Each structure stands twice: as structure tokens, then as C-alpha cells.
Amino acid sequence: MIRAKNLVIEFPIYGVKSRSVKNTVMHAATGGVLASNAADRVVVRALDRVSFEWKDGERVALTGHNGSGKTTLLRAIAGVYEPAGGSIEARGRVASMLSITVGMDENATGYENILLRGAILGLRKREILALVDEICEFSELGDYIHMPMRTYSSGMTMRLMFAISTSIRTDIVLMDEWLSVGDDDFSEKAQKRLMALVDDAKILVIASHSKDIIRNICTRVVHLEHGRIVDAG
Amino acid sequence: MQRSNFNLAVSDIASGISSFHIWAALGWQEVMQRYRRSVLGPFWLTISTAIMVGLMGPLYAKLFQQDVLTYFAYLAVNLVLWQTIFQLVQDSCTAFIASEGYIKQMRLPLSIHVLRMLWKNLIILAHNFVVVILAIALMRPPLGLHLLLFPLAVFLFAANALWVGVLLGMACARFRDVTLMVTNLMTVAFFATPVLWKPQMLGRHEWAVNLNPFYHFLETLRAPLLGDPVNVVSWAAVGGITVTGYLVMLVFYSRFRARIAYWV
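If you read the sequences in order, they're chains A and B. To convert, take the position in the first sequence, counting from 1, and add 91; that gives the numbering used here. To convert, take the position in the second sequence, counting from 1, and add 5; that gives the numbering used here.
Just to be clear, a hint being listed does not mean it is correct.
Under the rule of at most 30 Å between Cα atoms (straight-line distance), these lysine-lysine pairs were calculated in the DSSO-like manner [stated by the list, open to error]:
1. K96/A with K109/B
2. K109/B with K293/A
3. K109/B with K146/A
4. K146/A with K96/A
5. K302/A with K109/B
6. K109/B with K283/A
7. K216/A with K109/B
8. K302/A with K146/A
For the record, the hints were derived by calculation from the structure and aren't laboratory data. Note that the structure is a prediction, hence the values are computed from the model and not measured.
Next up, chain B with everything else stripped away, as it sits in the complex (with noise of 0.2 Å):
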């Protein structure tokens, strides 16, 4: 019995990837949705970050004195990937939930949610890219091989994207209340993570970033855009959260896909 719901649950996300054509779809229409009408469409996220970005960037560069144009490029590549982290697990906990209608009239593969709501997400970090591309063109960092690694960083992100948005998305659907939990403890990450700041600046307490997961994903994928040298210990974090995570999700997704119809 075990076995076979560990197989369900295997296939279930096996055959939710390749059901590319949905989700594909489904992710679009979202991005599409939520643009209409508009002239500018999700350029609008873009020019927010943008100009949080041109605020921003002098003033904590002032703050934290460090050089303007360093700072900002740093700034700018560190806010756009935090927006598509900080969105990614907000819509993981409504992945299930926002899809109640699909779930109870047929039988899909209950990852397609999971992945409409991660393509949507990657749409739009597309969109956000415009401010990276320009303050790269700013700032004119001396980008090398290193760069080679960019698309593996996005790649694992994406991935570890999938299993948190399967188990908050379970989760949520089940305890509401998680839902505002995770809203809470987001705001407090983005305050501890390095995101407006700099590990560096932590002088000789510097090794407590280690601790922070969402510190290496922002490492991998940050580092080869700006020609910061290669971090080994983020990259083996995050290869070992991707492992680990994925034993954890389907673990819990053996135990409880079967419910979630149910939760909804």
C-alpha cells in the first residue's frame, strides 16, 4: 500500500511535467488575466522594481557606504530574484486552493497547479530580467564562465520552486492559517537574508548567511550575472536542499495527495 501511493505520487509529478501543453497554457492565461486592459501588461512589475531599485539603490548605498554603482547592480539583480521568491511561495500556499474548481471536476495530475502557478512566476521574473539586463549594461561587472552557470541556478531554482509549491501548497490547503504564517515569515526573511545587504558586512559573524537557504539560491543565481567568483558552499546547499527536499515532498505527497481533493 505504501509502495503504490509512493508510486502514485511519483507519476503524479512525472506526468504533471509533461503535461507541458496545460500548464503552459493555464500559467500564460494567468499572466494574461491579470494584464488585460492594461497597456504596459506585467512591464508594470518591471518599472515598480525599477523604480524601488533607482530609490533604493543610492540611499543604501549611502546607508551601507559603499559604492554607488556596485551597490545598485547588486541591488537591482538581488530585489528582482527576491520579488519572484517571495511571489513564488505566497502562490504556493494558494496553488491547491485557487484551483478548487479544477480539482473537483476532473482528474488532472494535481501537479499541473503546482507548475501553472511556478510558469506564471518565471513569466513574469522574464519581464523583471529588463532591470538585471540594465544594470548589468550600468554596471558593467567582468562577467566570465562563470556566467555558463546562470541557466543550472535558474534550473534548480525552478525545481525547488516545485517542491515547496507541492508542500505549501498541501499544507495550506489543510491549515489555512499557514497561509498567513508563511506571509509573516516571509517579511521577516527578506530582512535576514542578503538582500539589501552584504554577507561581508557581517565581518567576522559572516558564516551565520550559511544558515539561510533562500541566501544560497539568491548566491547561485546572482553571482555568475555580477562576476562574483563561484560560492562552493552555496551551490552544494543547494544541491543538498534539492535532494533533501525532494524526499520530503514525496514522502508527504505519498501520504496525503489523495486528500487534497478532499482539503480543498
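So here's chain A without its partners, still in its complex pose (with noise of 0.2 Å):
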């Protein structure tokens, strides 16, 4: 179950200073509400007093124009921003896919690199090591798991990262864009993979433009325009 109540993120921009500059931004066509707060700073309102609940099957597609929100309200779910105000829970362990590369060392063998994303997800030495085959041959990368991945073609990279973050079962899945790497053949298993993860987490919360996504698999569909929820779906 993911629950916000009136959930406010605010940014400060830091070195803006002219008040030219801010009403100029402010009558901008996309972009959260700019405003200032109590310290006279130069905030803006990416989320503004957002309230939904969301419970456990759900399916929940996010759209909106580019700086509608969606992604901040991705990273809020993910816990990275606390907020400014309201408040946010969400109830289960979660995958943030929304950049599956971080933590990526590109001198490293694809063979660390699972170890280390493994880590930086939270999982002990043994869980690592129990997923290591089944990522290995999923990415279809055969010995060039041991060379370095400065060695390896976008493609390849992008099989390793990929298999490796959707080797892991979470409560809820968070995802900017639906996930699509490789060529035909690989493409068509990784979709397989994907969906499989998805079913078995409790909710997906995915930032989508694509209408075929979000027909196919969301139950609902949440619309934000500048920070705000105009279409709760």
C-alpha cells in the first residue's frame, strides 16, 4: 500500500537571486509552481498537496507533461526526498528502477558489478551469490562476465545491469519509463522478464508516455499537471 496525504516537495534553487529572473520562470508553461517560502528563498513546488492511496494490486500509471512531477513523486514513493510537507508511506520493501546504471564501475568485470549493485540493494554476500548464475545466463554475456565491462558494447551493459536489477523480488516496483533493452530476440525475453516481476510485486508505479503500456497493464491512471493530481484515475 503506498498513502500520501497533501504531500509537498519543495527545491530550493540555490543562486537565484534576481526577482526578474523567478517571475520570469514563473509564467512558464511546464514546471512545478514556483513560489517563495518563509526564509525568502527561491522554492519550487514539485508536488503540491498530493493525496492518494494506493492499495496492493494495483497497477498505477503516472502521466503528465515533462516537469509535471511524475519522477519527483517516483523518488518521494523511493524515499530519497522527505517531504516538505503531508506525508508519504509506503508499505513494503521497493526496487527503484529508475536508473538501473548507478553504482556502475565501468573497470570492474560484469562479475563484480553484480556484486556490487547487489550490494548497494542490500542484499549479503550469500544472496548475492545465489542470483550470480541465473544473472549471468539470463544476460547471456558467457565469459565476458569476467572481462571488464569497459570491454562490453551499450548493449551488453545494458543486458547486465537489466538482469541484474530485475533478479530481485520486491513489494513495489518503481519505473520511469517501462524498461526495454536489447535487440528483437533479447527485447522479446526481457519484456518477459519484466512482467514477471511485476506480477509478483504487490504495486507497480510507472512514469509512462507510452499509451500501449499503460493500456495493457495499469488498472489506474494518474494525471499531474504542475504538482498537482488533476485525474486520480
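Hints given; two lone chains; assemble the complex.
Dropping the structure here:
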């Protein structure tokens, strides 16, 4: 279950001194609502009194323009940003697939990267080791797994990172656009794997522009505009 | 509200420390990353320290009119320790900034990022310790029971590095100029701290070194290794700094921990 009550997320903008700049940006077509907080700092209100309650089993699509607050909301659910007001509560283990290449070391081998990424995700060594074989097999890297990742093609890198990120089962899955990797054959395999992950998760929250994804997977479409929920689905 | 912020800050530090498997892996990886594809790896630093000690030892022994062998060991231990202090302070400034990728993607106790850089520097210190052992083997200082205090000194040193790291990491994430300011200050601190010189050289102004916190950490770490008597003042100072430092850090961490993700 994910529940938000009057959730407010504000970004302080440093180095914006000029009032005129502020006023100019205030009328921009996209982005959050700009305001000055008590300390007269310029802040961007990325999420403005957002409330919702998503129950287990829901597949939520977040839609809206660039800068409407989709990614910020995903990060707030992941627990990255603490609210400036209101509250957000996500019950269960959260898998953040917002960037699957975080913490990757180009000079380390694929194998070492599996261990590293696993550690960052909070797994103990033996838990990671139990996943290694499956990850190697899925990513089809063969002996390349023992080569430094800088020797990989970008496709190979993505395959490996994808395989690692999708090897762990969690209650809540957060995604910024549906992940798709590799060429035709692999892509199909990857889609199956991602679907299996999503099926096992209690809640999926995905920011997406793709109508197909929204229609085929999601049970609820939440539309954001200027950091507010205009349509709760 | 204040109360719960305090609890959150404490639990961030506590769960950070207990996530050993995460920061140990990250810290180790950072050492590896820097030295991959080099044959000697982190020992390059050891060699450069050894060369520095080898060149500066005889020179400064002459300048300060000291017994070469004694001064040699003194300088070796001090330089190795100072390098660690210097690097720790530098890395503290980027502890959070450099971890932006992690901080903005997933929820981890933020203290993990400080512990990661602390662990990295302790690994490098362990490598550099070769120089210390060589110096001790050369000089053969009268080691005694005092040596037993060395692990405690290291522990207190690391504990202090944690609060300094959290505070500096926060300050530098918010005000980017702090990093530059700290670099300048540390260069000055090197000359103001008895690394090259000895407190006794100040003559009747010897007491002045007691005003320098770096001196007390150096002293508690160095004296056991060189068989010097226990410096009660320094141990008391280190104890006092540890307690005060943690209190100050917790006050600021309670207040600003939640802002770090917005600052980086």
C-alpha cells in the first residue's frame, strides 16, 4: 500500500537571486509552481498537496508533461525526498528502477559489478552469490562476465544491468518509463522477465507516455499537472 | 517534531554503521577503481610516502639539528598519519556530493556515504602502514605496554572522522565554496601542526600545540608507536573532542539530514 496525504515536495533553488528571473520562470508553461518560502528562498513546488491511496494489486501509471512531477513522485515513494509538508508512506520493500546503472564501475568486471550492485541493493554476499548464475545466464554474456565492463558494448552493459535489477523480487516496483533493452530476441525475453517481476510485485508505479503500456498493464492512470493530481484515475 | 528528527538522525547513523556489508563493498570498490590496471595498486601511495620520508628525513633532521634515526621514525609516522587526516578531510567534503547518484535513486542511510569514504581511507592507511613498520624496524623504539593503546587511538580517530565527515559533507553539499575553503585551511594546518617539527622546539611556547586539535589526534596515534610516554592531555582532549563533536554533529544532522537529498 502506498499512501500520500497532502504531500508537498519543494526544491530549493540556490543562486536564483534576481526577482525578474523568478518572475520570468513563474510564467513558464511547464514545471512546478514557483514560490518563495518563509526564508525568502526561491523554491520550486514540485508536488503540491498530493493525496492518494493505492492498494496492493494496483498498477499505477503516472502521466503528465515533462516537469509535471512524475519523477519527483516516484523518488518520494522511494524515500529519497522527505516531504516539506504532508506525508508519504510506502509499505513493503521498494525496488527503484529509476536508473539501473547507478553505481556501475566501468573498470570492474561484469561479475564484480553484480556483487557491487547487489550490495548497494542491500543484499548479503551469499544472497547475491545465489543470484549470480541466473544473472549470467540471462544476460547471455558468457565468458565476458569476467571481462571489465568497459570492453562491453552498450547493449551488453544494459543487458547485464537489466538482469541484475530484475533479479530481486520486491513488494513495490517503481519505473520511469518501461524498461526495454537489447535487440529483438533479447528484448522479448527481457519483456517476459520484466512482466514476471511486475506480476510478483504488489504495486507497480510507472511514469509513462506510452499508451500501449498504460492500456495493457495499468489498472489506474493518474494524471499530474504542475505538481498536482488532476485526474486520480 | 524536534525529538523525532533527532531520533531519525541517530537511527540513520546507527543503521548506517550496521550496514557494514554495503559501505565495506563500496569503499573497497573505490580503492580498486583508482588502482585498477596498475601493477602496484595502492602501494603507489606507500612508495610516494616512502620517497617523501626518505628525502625529507635527512634534510629536516639537519635543519632541526635532530638525531637522524629518531627524527626519521618521527617523520615517517607523522607523514603517514597526516596524509590520512588530509585525505579524510578532503573526502569528507565530497562524501554526499559524490554519492548523488545513490542518494537520488534509493533510500539508504545517508551515513553510509560517509562510512564508505572512511573505510576507503582506512584501507589506504593500512597500505601506508608499511612505511611506519619500516621506520619502527629501523629505529627500534622502546615499545612497551603503551602500544596496547594504539587500537583505541585508531578507534577514536575513526569515530571522529565519522562526525567530521557528516558535518563537512553536509556543509559542502549546501555551500560549495566550503570545499575550497577547507583545502586552503588544511594546507595551513599542515605547517601549524607538529608533523615536521616537534612541540619541544617551541621552547617555552610548547603549550601552544595543545590548542591544535590535529596535534592531539597525531599524538595519541603516534606516541604508542614510537614508545613515547602516554600524553594524558592529548587523550583527554581527544575524548572531549569526540563527545563535543558528536553532540554538534547530531544537532545539525537532526536539523538538516532531510535536506541533503535536495542539496546534492
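Cross-check of the supplied hints:
Between K96/A and K109/B the CA atoms are separated by roughly 22 Å; this keeps the pair inside 30 Å, and the hint holds. For a cut-off of 30 Å, the pair hint linking K109/B to K293/A stands: about 23 Å separates their Cα positions. Taken as a hint, the K109/B and K146/A pair is honoured in the structure, with Cα atoms around 25 Å apart against an allowance of 30 Å. Note on K146/A and K96/A: the hinted pairing holds, with a Cα-Cα distance of about 14 Å set against a maximum of 30 Å.
Between the alpha carbons of K302/A and K109/B the distance comes to roughly 27 Å, so the proposed pair stays at or under 30 Å and holds. About 28 Å separates the Cα atoms of K109/B and K283/A, which keeps this hinted pair within 30 Å; it holds. Simply put, K216/A and K109/B have alpha-carbon atoms about 24 Å apart, close enough for the 30 Å limit, and the pair holds. Among the hinted pairs, K302/A with K146/A is consistent with the structure: their alpha-carbon atoms are about 23 Å apart, no more than 30 Å.
Checked against the numbered hints above, the structure breaks none of them.
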